[in-house]
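Top to bottom, those sequences are chains V, D and Z.
First residue of the first sequence: 148, per the working numbering; consecutive thereafter.
First residue of the second sequence: 109, per the working numbering; consecutive thereafter.
First residue of the third sequence: 122, per the working numbering; consecutive thereafter.
Hints in this document: simulated from the structure, not taken from any laboratory.
You may find that some hints are simply not true.
[As the list claims (entries may be wrong)] Pairs of lysine-lysine, BS3-like flavour, derived with a Cα cap of 27 Å: (1) V:K268 / V:K286; (2) V:K215 / D:K332; (3) V:K618 / D:K161; (4) V:K410 / V:K678; (5) V:K514 / Z:K171; (6) D:K264 / V:K263; (7) D:K161 / V:K648.
[What the hints assert, rightly or not] Some chain D residues judged to face chain V by a derived CB distance under 8 Å, without partners named: (8) Y170; (9) I286; (10) L288; (11) R290; (12) I412; (13) D414.
Here a beta-carbon is modelled for each residue, glycine too, at the ideal position from N, C-alpha and C.
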Amino acid sequence: MKIVLLSFPLLFLILLGINLLFVSSRPTPMVNQLIISSIGDASYLNPVLAQDSASSDINGLVFNGLIKYNRDLQGFVGDLAESWEIRPGPEPEITFFLRRGVLWHDGKPFSAEDVKFTYDKIMDEKTQTVRRSDYEWVKKVEVVDPYTFRVTYKQPFSPGLGTWGIGILPKHRLEKEDINTTSFNRNPIGTGPFRFVEWVSDEKIVLEANPRYFEGRPHLDRIIYRIIPETSLSEMELLTRGVDYYGVLPHQYRRMNEIPFLKIYSQPSLSYTYIGYNLKNPLFQDKRVRQALTHAIHREEIVQYVLYGFGQVISGPFPSHLWYYNPNVKPLPYDPIKAKKLLTEAGWKDTDGDGVLDREGKPFRFKLITNSGNDIRRDVGVLVQRQLRELGINITFETYEWSVFLKNFINAKHFDACILGWSLSPDPDDYMIWHSSQIEKGFNFISYVNPEADRLWEEGRKEYDLERRRKIYWRIHELIAEDQPYTFLFSPIGISALQKKFVLVERDPSGREIYRPIQMEKAGLMYDLIKWYVPRGIVMEK
Amino acid sequence: MTRFLFKRLLQLFMTLIGISILSWIIITQAPGSPIALTMDPKVSPKIIEQMEKNYDLDKPIYQQYFLWLKKLLTGKLYSFKDGRPVLEKIGERIWNTLLLNLVATLIIFSLAIPLGVFSARRPYSFLDNLGTFGAYLGLSIPGFWLAYLVILATVKLFGYPVLGLRSFVIEGLSPPEIVLDRIWHLMLPASIMAIHGIAGLSRYTRSSMLEVIRQDYIRTAKSKGLPEEIVYYKHALRNALLPIITLFGFLIPGLIGGSIIMESVFAWPGIGRLAYQAVLARDYPVVMTILTISAVLTLIGNFIADLLYGVADPRIRYQ
Amino acid sequence: MKGNGTTSQIRLVWKYFKRNRLAVGGLTILIAIFFVAGTAPLLAPYDPGKTEVSLKLKPPSLKHFLGTDQLGRDVFSRMLYGSRISLSVGFVAVGISIFIGILVGAIAGYYGRWVDSLLMRLVDVMFCFPTFFLILTVVALLGPSIFNIMVVIGLTSWMGTARFVRAEFLSLRERDFVQAAKALGVNDRRIIFRHILPNALAPVFVSATLDVATAILVEAGLSFLGFGVQPPAPSWGNILTEGRTYIFDAWWLTVFPGLAILLTVLSFNLVGEGLRDSLDPRLRGRR
């Protein structure tokens, strides 16, 4: 009996020992595949229903839209549509001429019926999709012939073109199904360069090359999305080569950069972080006060220390690397003296000598809030709190869990100031954020009103010409920068790490395959994913 | 015995109803909506309202409760997050959680019982005191903290993946190596999950042994001249182990609660992580169902424990 | 059962408690932690919220005993203040749970019959929930704040206390002194709180000590999942969770708060077990 008792712990130790021997002796093989680390699991592999970024990334490889953004995010190129025509007028028409001979992953041919089917599904009230808002201005759609699809709008709506980049669903597969709960959402069929193989919940999603892809078979054999719920854990997996590609956090950059088998890329992102002031609050109704706050917040310091330099201080509501950002508007400089002067002009002085500014006997005091779970916003808040306190503003900073934050504070307009960020699409139409009609129920929760800006937002979404749109948005940029309803903090620069084994395959003029290093595009590192390849014979150092 | 069983089953049923109502009350206190979780400036509020309506979220609370019950029983309950049947989602993950917990339990029992028995052999000796202190340490250590340090250390030492069910680059591995890989991925989280249990159970075993060796029949056996080793490891041990068996039934309650953190740390695709994600996403059908299912498992566990107790201890008779 | 009897009993307990070196060690550490928490503003070399970004993520040194965090705040000062949060979560939560537990247990045990069955069914139902998941769900849904966390932990952990208070009451209410009081027409409330409860308090005290340890661990676990006391408040769980992101850059952000939690929880456990041993007459003679 004693021996039996003893044998259990011994067995445990032996098992552990064998395991340790095994893991310490394993080499890393070279495989022609890409393993991407994703922080969350996907939800719907269906471009109409998906809302999260993990699902969207995968849907982008499995499905095609009619068109897609070009590599500079400044216009479109055909995807399932070979070309298109816009007929302007009070009720503009877009006609898409579709590519012929495209096959779904199950071998059935693709046609304009599929496009119409997708549109109808989006517009069906029973479909649980938020994308319906994109097509509000569509009057009707028609299938002219199997390879021609026409959309008519109720009024000019230029952002409408971009919405046809949504992934097209196969009619033959979904016709008789409830789109919200169909098994298709976990077992999709698309027209894209990669086809779906397997999805193990919370673990991985596997895609493989589509040999019949209309632009040719991708060079990679496989793409695997691994779900790793935390960034420092992803970093560990990157080191053990369990992951090939991973979005690096700023503080990890230096360490990653020193690892010989990794290449680091960076690229400004389509988003920005800001402090929004509730303009219903009398404290913030004076423009000078808002300008003073911006002058008092040392944004360069925030970028340098919180983002490790991976951010760009911005002057207005657009990401700084795109065509509609007005480079002539300069960010207000960090200038506490100017800030103090502006506040004094607005009537805020420290009359009782307690170190806090006051006006008519009331101290300058407010609460800054943000959502929890975002480390960068949390750190920004702490720094802003310190910087404004130096100016004599009594500011408290609190974080709340996301749903509580939205429901009890933002949507209820029950806040003084908040730190938040916008993730934008490449189209500049941010009508829903800034137009005064969006105060009641839209995203203009700071209650910003500027009649000239309102008019320009309306004009901008009716204008199809890029140059004329640029002028409109540049003017909007000026107006909003002058009003400072937000303190625009920064637009972060995204960093990603990729194992060095990947190359781009291209053909030289004689038709021979040559390898080029992978390059960052404005539209993202993976814009040319179908040309990625892991060449054999290149021995990677460990 | 039949009457006892019947009575217990009736009690079980009543408790079950209580559980489901209570969990429903908790859920409906939530301020958040499962729809508007992302702030997408391209989405109009009208559409969000429509979508909430499709989920019956505009109905009165008691109606929602009966709808949930009806959908659960007819298998038509779908997750808000990905539109899949809730039971299917739970079903595909529950085996991973059970496997992890089973291994952890095996580790607990195979380490804790010997530890407790040997400690009780010479109570208050240096080794016993060391064991006592170790046990308190085990009870007090924050599991996720330890897990982090252990993951960090293993990655630095071996450079071999530790997260998830298995390694990803498994080309070139032979089948026995694949098995070893799985075991490796299982061992770390299971061992760390077991620490708490080892500490507790070894203490329990120790005091149970001490209790038994003070009993008259052990003294009698000793005074009859039986070798002490035999008395201790045979007679005493057997009697001390009986109540421990019943603890199996009580292990189930910790199953889901205890797994939430460890499954998150080790990227283990189990029920605990599902539960946590469902809470984050306000996926009410999933949260509700997991709460109810785990409560049911607990009820069953208690029931089994009672029965085992009756088997283990003939002095207890049910009426 | 009051007056002289109680003092001599306390003295007796202390006599046995003293012999348990581990428990005394735990008690010493606990007293130290309480002292630190009480005098944090005096002891802390820096303001816990003061940022000095140019000094961020500096390892422990003579200037910053436990290093600095990602915003250059002094970890030592933050930990000192953090002890207040962690301890108050532990104590208030347990206070609530003890209060409910005693109330429910006393009523069930004293009145018996249908009151007892009803309350014990409720205890059964509550026991069936996976506690941590329940706490997580409720805190997440109500919104995590220090107040909500205390209340929710309290509301979900009273069942054990209720059970053994009830058991004590069941046996005590048959005892002579209770019967005598009843015969004399003393009202129920007085009997429950003045006559029976003092005799049932010892085990409550032991389990309360152990529960504080658990509550501190639960708060740390909640913080880990993002539902603990919300930053920038410096609870130990928060410092640990914030530091986790920088585990490769700054080990001290992860290691020290973890050690602090471990040490505090360990002390509570040691003291609790020591109390249990010295309160239990059967275990007394053996050391």
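For which of the previously enumerated hints does the structure constitute a violation, in increasing order of number?
Hint check: 2, 3, 6, 7, 8, 9, 11, 12, 13 fail, others pass.
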